[in-house]
Amino acid sequence: MNKIVVGLVAGVVLGALDGATAWFYPETRPLIGGIVAGSTFKGMLVGLASGWFARKVDSIKWGVVAGAALGLLLAFGVAVMDAASGQQHYLEIMLPGFVTGAIIGFSTQRMGTRKAA
Amino acid sequence: MDPDTAIGGGRDRFPSTEHSLLEAAAGGLAPEALERVAALYWKPVYRFIRLKFHKDNEDAKDLTQGFFSSALERDFFARFDPSKASFRTYLRMAVERFAWNAHAAGKCRKRGGDVAFEPVGEDAALTESPEEAFDREWRRQLFRLALRDLRKLCESAGREVEWRVLEAYDLAEDARPSYAAVGEQLGIPETSVTNYLARARRTLRKLVQDRMRGVTSGERELREEMRRVWK
Amino acid sequence: MEVNSDPADLSDSVVDHLRQVAGLPDLSGTRYELEGEIGRGGMGVVYQARDRQLERRVALKVVEAALAGEAALIARLEHPAIVPIYEAGTLPDGRAFYAMKRVTGVRLDRYAGAGRPVAERLRVIRRVGEALAFAHSRGAIHRDLKPQNVMVGEFGEVYVMDWGVEAVGGTPGFRAPEARLDQRSDIYALGALLQFVLPAPAPAALSAIARKAMSAEAGCRYGDVEEMLADIGRFEDGLAVTAWREPPMHRVARFWSRNALLLWLLTAYAAVKLGIFFWPYR
Numbered sequence: 045m046n047k048i049v050v051g052l053v054a055g056v057v058l059g060a061l062d063g064a065t066a067w068f069y070p071e072t073r074p075l076i077g078g079i080v081a082g083s084t085f086k087g088m089l090v091g092l093a094s095g096w097f098a099r100k101v102d103s104i105k106w107g108v109v110a111g112a113a114l115g116l117l118l119a120f121g122v123a124v125m126d127a128a129s130g131q132q133h134y135l136e137i138m139l140p141g142f143v144t145g146a147i148i149g150f151s152t153q154r155m156g157t158r159k160a161a
Numbered sequence: 151m152d153p154d155t156a157i158g159g160g161r162d163r164f165p166s167t168e169h170s171l172l173e174a175a176a177g178g179l180a181p182e183a184l185e186r187v188a189a190l191y192w193k194p195v196y197r198f199i200r201l202k203f204h205k206d207n208e209d210a211k212d213l214t215q216g217f218f219s220s221a222l223e224r225d226f227f228a229r230f231d232p233s234k235a236s237f238r239t240y241l242r243m244a245v246e247r248f249a250w251n252a253h254a255a256g257k258c259r260k261r262g263g264d265v266a267f268e269p270v271g272e273d274a275a276l277t278e279s280p281e282e283a284f285d286r287e288w289r290r291q292l293f294r295l296a297l298r299d300l301r302k303l304c305e306s307a308g309r310e311v312e313w314r315v316l317e318a319y320d321l322a323e324d325a326r327p328s329y330a331a332v333g334e335q336l337g338i339p340e341t342s343v344t345n346y347l348a349r350a351r352r353t354l355r356k357l358v359q360d361r362m363r364g365v366t367s368g369e370r371e372l373r374e375e376m377r378r379v380w381k
Numbered sequence: 259m260e261v262n263s264d265p266a267d268l269s270d271s272v273v274d275h276l277r278q279v280a281g282l283p284d285l286s287g288t289r290y291e292l293e294g295e296i297g298r299g300g301m302g303v304v305y306q307a308r309d310r311q312l313e314r315r316v317a318l319k320v321v322e323a324a325l326a327g328e329a330a331l332i333a334r335l336e337h338p339a340i341v342p343i344y345e346a347g348t349l350p351d352g353r354a355f356y357a358m359k360r361v362t363g364v365r366l367d368r369y370a371g372a373g374r375p376v377a378e379r380l381r382v383i384r385r386v387g388e389a390l391a392f393a394h395s396r397g398a399i400h401r402d403l404k405p406q407n408v409m410v411g412e413f414g415e416v417y418v419m420d421w422g423v424e425a426v427g428g429t430p431g432f433r434a435p436e437a438r439l440d441q442r443s444d445i446y447a448l449g450a451l452l453q454f455v456l457p458a459p460a461p462a463a464l465s466a467i468a469r470k471a472m473s474a475e476a477g478c479r480y481g482d483v484e485e486m487l488a489d490i491g492r493f494e495d496g497l498a499v500t501a502w503r504e505p506p507m508h509r510v511a512r513f514w515s516r517n518a519l520l521l522w523l524l525t526a527y528a529a530v531k532l533g534i535f536f537w538p539y540r
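Line by line, the protein sequences are chains A, B and C. The number in the numbering used here is simply the position in the first sequence, starting from 1, with 44 added. The number in the numbering used here is simply the position in the second sequence, starting from 1, with 150 added. The number in the numbering used here is simply the position in the third sequence, starting from 1, with 258 added.
Just so you know, the hints here were simulated from the structure itself, not pulled from any lab data. It cannot be assumed that every hint is accurate.
Restricting the straight-line Cα-Cα distance to at most 16 Å, the calculated cross-link-like pairs of lysine to aspartate or glutamate (EDC-like) are [what the hints assert, rightly or not]:
(1) B:K234 x B:D320
(2) B:K356 x B:E369
(3) B:K356 x C:D270
(4) C:K359 x C:D274
(5) B:K356 x C:D284
(6) C:K359 x C:E378
(7) C:K531 x A:E71
(8) C:K470 x C:E485
(9) B:K381 x C:E336
(10) B:K381 x C:E295
(11) B:K381 x C:D270
(12) C:K359 x C:E293
(13) B:K356 x C:D351
(14) B:K381 x B:D285
(15) B:K381 x B:E310
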């Protein structure tokens, strides 16, 4: 499995799981469908980008940093859209996005094969 | 060095040979093989017996003579197994056994007393074991025989200068002379000295090897033994 | 000048001199000039010589003519961890010589001293193993692998030296017990080499790899060098090695140390989610 596929799979799975945790919060439970879909899409983007990065750079450390930064950036975008609808959930969206991105970045470094040079 | 041991050491009727020891022994040439062995090993054996069993000159000579003259009766060559040890080691151990038996018999006869232990002699370094002395004497005798062969060869082939250069330079006992001094002494240019010397050494090397070939079981043992000869 | 007219009287010093000079290779007719002896191995003597044409120092190995054929096989082994041969030839006395790169560096027995990280020690073993595997694939075996025959050069390059062409008895501690040496005997020696370079106390998995390679029964060793290197690689990657059935606690500890970062990240994720859940101002 190449690194981009690994990133895609890890991103989709972790994004979906991260979105599914909305079920635990009473105020977001009714919106869970949209949250899971959005979170999965966000995870997929982070995964693809991290996988691409992992093909260029062979370093767990930098993979984690890149994944975390991407996760944070995309989560910030989501939080901004969320704020536009009148609610302020920057912390609740960006912190988990940051850690999930880091895990996706880690996965793409540890697993999968680099494209043959 | 040992004028008292000219027996055996003086003979060189069988200089070099292409046959290995076992080939000669197996081909019905056992007496000839023994001659070759004795030419090389008489002195080492004598020295070994003197040091190991503290024998005086006469006793050691008798024992050495006894060892070699009884060798053929004892299937000496037939019992040598090259896969176990070199011929040199085999021979030394056989000497040891032979001398022990003789030593024990001698003691019985002299029971009651006057077993005289001969002082070993001034040249026996105390730091050296009889086995080391045996090897040292073996190398000395090997070079002695090969040098004799070399001289004869040079004389018969009209290469006397080669011999004289080697003699003047490599056999110099004290300070080694310069090439220039050797050249001057022999009336040849200095550059020729090194050429003659190289050629003489090359021949000497071959002659040493030939001498050893006659007393080893084959190429393999020969190689191993030559490693102990060159420094 | 007084010289001996009869060679019957040879003093120890003259014999020693003759042993030295008669053994020296006669390099007249070659482009090399003898400078001294570097060492002697199973196969022959190695001298330092000067290449007059290229104005550089070389190592010159001199072997008996009977060994020249097999020595040529080794000369054809081109591998970064095998010393390259510049030229081969025959001396006037019939012996063969090989001029090769003069390697400067540190012998492994000195290199593997205190303070050298395990990872670096393993790197050297891996290089040695790669050279062995390559030689084995070409039908050559080393026969006398030991720390004294491995050099680490000034750029970190590793050289396996003194490839043997006949069983020279090997070196106690590194020679396999079997009488006829083959590729498995080299694996034994590589195991002994691994054990030699490991610091005390050594990681149990690495000791187990060395032990397996050094099984008295050749059939119980690794099948080939690659298999052994793969096991060492598994150790380096934090995976279980085939040579060792590890205790459960060790397995847990290894899993933790291999996945420590991931476990920390998962913990951080859980902490974030719980923190948000209990955040009073939400």
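Checklist entry - Checking against the hints above, which ones are violated? => result When the structure is compared with the hints, numbers 1, 3, 4, 6, 9 and 15 turn out to be violated.
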